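Start from the sequences and build out the full structure, keeping to the hints where you can.
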Amino acid sequence: MLTEDKKRAAYRALQGRILNGEGRASPEQRARAFSNVGLAPPLDGLLGKVAMRPAQVTDGDFAAARAAGFGEDELFELVICAAVGHSARLYDAGLAALADAVAGEEEDE
Amino acid sequence: MRLDVLNRGYGPGTKLLFAVIGLFSRQPVPDAAKLVFYRPDFYGARAKEFTHEAMRGPSAWSVGDRELMAAYVSQANECAFCIGAHSATARQAYQDRPKVAAVLADLESAPISGGLRATLRMLGKLTREGKAGAEDMREVLSAGVSRQQVGDALAVCAAFNTTNRLADAFGFEVLSPAGFEAGAKYLLKRGYR
Chain A
1 MLTEDKKRAA YRALQGRILN GEGRASPEQR ARAFSNVGLA PPLDGLLGKV AMRPAQVTDG
61 DFAAARAAGF GEDELFELVI CAAVGHSARL YDAGLAALAD AVAGEEEDE
Chain B
1001 MRLDVLNRGY GPGTKLLFAV IGLFSRQPVP DAAKLVFYRP DFYGARAKEF THEAMRGPSA
1061 WSVGDRELMA AYVSQANECA FCIGAHSATA RQAYQDRPKV AAVLADLESA PISGGLRATL
1121 RMLGKLTREG KAGAEDMREV LSAGVSRQQV GDALAVCAAF NTTNRLADAF GFEVLSPAGF
1181 EAGAKYLLKR GYR
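Protein chains in written order, with the working numbering: chain A, 1 to 109; chain B, 1001 to 1193.
What the hints contain is simulated information worked out from the structure, not anything from laboratory work.
Treat the numbers as computed from the prediction; the structure is a model and nothing was measured.
Glycine included, C-beta positions come from ideal geometry on N, C-alpha and C.
It is possible that part of the hints are untrue.
Stated by the list, open to error - Lysine-lysine pairs mimicking PhoX-like chemistry, simulated, CA-CA at most 25 angstroms apart:
| # | chain 1 | residue 1 | chain 2 | residue 2 |
| --- | --- | --- | --- | --- |
| 1 | B | 1131 | A | 49 |
| 2 | B | 1185 | B | 1048 |
| 3 | B | 1099 | B | 1125 |
| 4 | B | 1125 | A | 49 |
| 5 | B | 1015 | B | 1048 |
| 6 | B | 1185 | B | 1099 |
| 7 | B | 1099 | B | 1189 |
| 8 | B | 1131 | A | 6 |
| 9 | B | 1015 | B | 1185 |
| 10 | B | 1189 | B | 1015 |
| 11 | A | 6 | B | 1189 |
| 12 | B | 1048 | B | 1189 |
| 13 | B | 1048 | A | 6 |
Stated by the list, open to error - Some chain B residues flagged as far from chain A (calculated, every beta-carbon gap over 12 angstroms):
| # | residue |
| --- | --- |
| 14 | 1014 |
| 15 | 1018 |
| 16 | 1033 |
| 17 | 1095 |
| 18 | 1097 |
| 19 | 1098 |
| 20 | 1101 |
| 21 | 1106 |
| 22 | 1109 |
| 23 | 1111 |
| 24 | 1186 |
| 25 | 1188 |
As structure tokens, this is what we get:
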């Protein structure tokens, strides 16, 4: 196995576990957090920031989610799903761009 | 940290381990370490495997190069904890404090190879803008970087875009300079597993 593939396989294993394994948040909630799509307030505020503007997350974002009934373990899982989800999109975009560049190179040869 | 379970939700064995680490390092256990010990079956175990593979697994990039990539991605995300942790680790790996400082101050004028500079530039763009195109990758490849090295750099980028987000969202406490140096020494000796 190429070392790059081994790295990707380890990342896919992490994604598979957080999305499909046992958890306190439902698989549907975890999938929405991962994709940053279809989240309702107040979770959309917290998890949208985790994905797009993580340095701007505040205590108030967590307080709003707790007030809406989300427990500590659910928030632990959903924040992780949002973080891994955004990173996975970057990883996939980078690998796709690399594949495009290499395909263009091979056509030129 | 912002979740109480991450401050207090550990069993007696893990608490003892934290006490031993604190005793030997003479520094508080970093929040990054605490995170991977909380319900490790959900996140920590697989996150450590992936991060170790990206940062210490086989690669034509040196450990110092990969730690510098981690610091650079962390800077693009404005993650204070991770900038501190990985700039310290890159400095110790390279044994070169000015080089790391120069990259973080101004990538274009820093005294590094053209290939590493082009790779860092691409990782910064991907992190800040959320996208990269074939042209960005061609620039890296034409600077002498292999396809495998680009893939390896993207794995580092994925690992630290995840960790940066968790550090900022959960509110990792920024360590003292001595705390970051102790953490860097540990990461160079033991890696991320």
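Here is what the structure says about each hint:
1. At most 25 angstroms may separate the alpha-carbon atoms for a hinted pair to count; residue 1131(B) and residue 49(A) meet this at roughly 18 angstroms.
2. Between the alpha carbons of residue 1185(B) and residue 1048(B) the distance comes to roughly 17 angstroms, so the proposed pair stays at or under 25 angstroms and holds.
3. A threshold of 25 angstroms between alpha carbons decides the hint, and for residue 1099(B) with residue 1125(B) the separation of about 21 angstroms falls inside it, so the pair holds.
4. Our distance criterion of 25 angstroms between C-alpha atoms is met by residue 1125(B) and residue 49(A), whose separation comes to about 19 angstroms.
5. As the CA atoms of residue 1015(B) and residue 1048(B) are separated by approximately 19 angstroms, the hinted pair is consistent with the 25 angstroms bound.
6. For the proposed pair residue 1185(B) and residue 1099(B), the alpha carbon gap of about 18 angstroms is at most 25 angstroms, so the pair holds.
7. For the hint pairing residue 1099(B) with residue 1189(B), the CA-to-CA distance comes to about 21 angstroms; that is within 25 angstroms, so the pair holds.
8. Pair hint residue 1131(B) plus residue 6(A) holds up; C-alpha atoms about 23 angstroms apart against a cutoff of 25 angstroms.
9. With a C-alpha separation of about 22 angstroms, the suggested pair residue 1015(B) and residue 1185(B) falls inside the 25 angstroms cut-off, and the hint holds.
10. In summary, the hint linking residue 1189(B) to residue 1015(B) is supported, as the alpha carbons are separated by about 22 angstroms, within the 25 angstroms threshold.
11. With a CA separation close to 22 angstroms, the supplied pair residue 6(A) and residue 1189(B) stays within the 25 angstroms bound.
12. The straight-line distance between the Cα atoms of residue 1048(B) and residue 1189(B) is roughly 15 angstroms, inside the 25 angstroms bound, and the hint therefore holds.
13. With a C-alpha separation of about 14 angstroms, the suggested pair residue 1048(B) and residue 6(A) falls inside the 25 angstroms cut-off, and the hint holds.
14. Listed as outside the interface, residue 1014(B) is consistent with that label: its C-beta sits roughly 15 angstroms from the nearest C-beta of chain A, beyond the 12 angstroms cut-off.
15. For residue 1018(B), the requirement that its beta carbon stay farther than 12 angstroms from each beta carbon of chain A is met, with the minimum near 18 angstroms.
16. In this structure residue 1033(B) is separated from chain A by more than 12 angstroms, as the shortest Cβ-Cβ distance comes to about 16 angstroms.
17. For residue 1095(B), the shortest C-beta to C-beta distance to chain A comes to about 26 angstroms, beyond the 12 angstroms cut-off, and the non-interface label holds.
18. With 12 angstroms as the threshold on Cβ separation, the claim that residue 1097(B) sits away from chain A holds: the shortest Cβ distance comes to roughly 25 angstroms.
19. With a least beta-carbon separation of about 27 angstroms from chain A, residue 1098(B) lies farther than 12 angstroms from that chain, consistent with its non-interface assignment.
20. For residue 1101(B), the condition that its CB be more than 12 angstroms from all CB atoms of chain A holds, with the nearest at approximately 21 angstroms.
21. Residue-level check passed: residue 1106(B) sits 21 angstroms from the nearest beta carbon of chain A, beyond 12 angstroms.
22. Non-interface call for residue 1109(B) relative to chain A: holds, since the shortest CB-CB distance, roughly 25 angstroms, exceeds 12 angstroms.
23. The claim that residue 1111(B) is not at the interface with chain A holds, since no C-beta of that chain comes within 12 angstroms of its own (minimum 26 angstroms).
24. Distance to chain A confirms residue 1186(B) as a non-interface residue, since its nearest Cβ pair spans about 21 angstroms, more than 12 angstroms.
25. Non-interface call for residue 1188(B) relative to chain A: holds, since the shortest CB-CB distance, roughly 20 angstroms, exceeds 12 angstroms.
Checked against the numbered hints listed earlier, the structure breaks none of them; every hint is satisfied.
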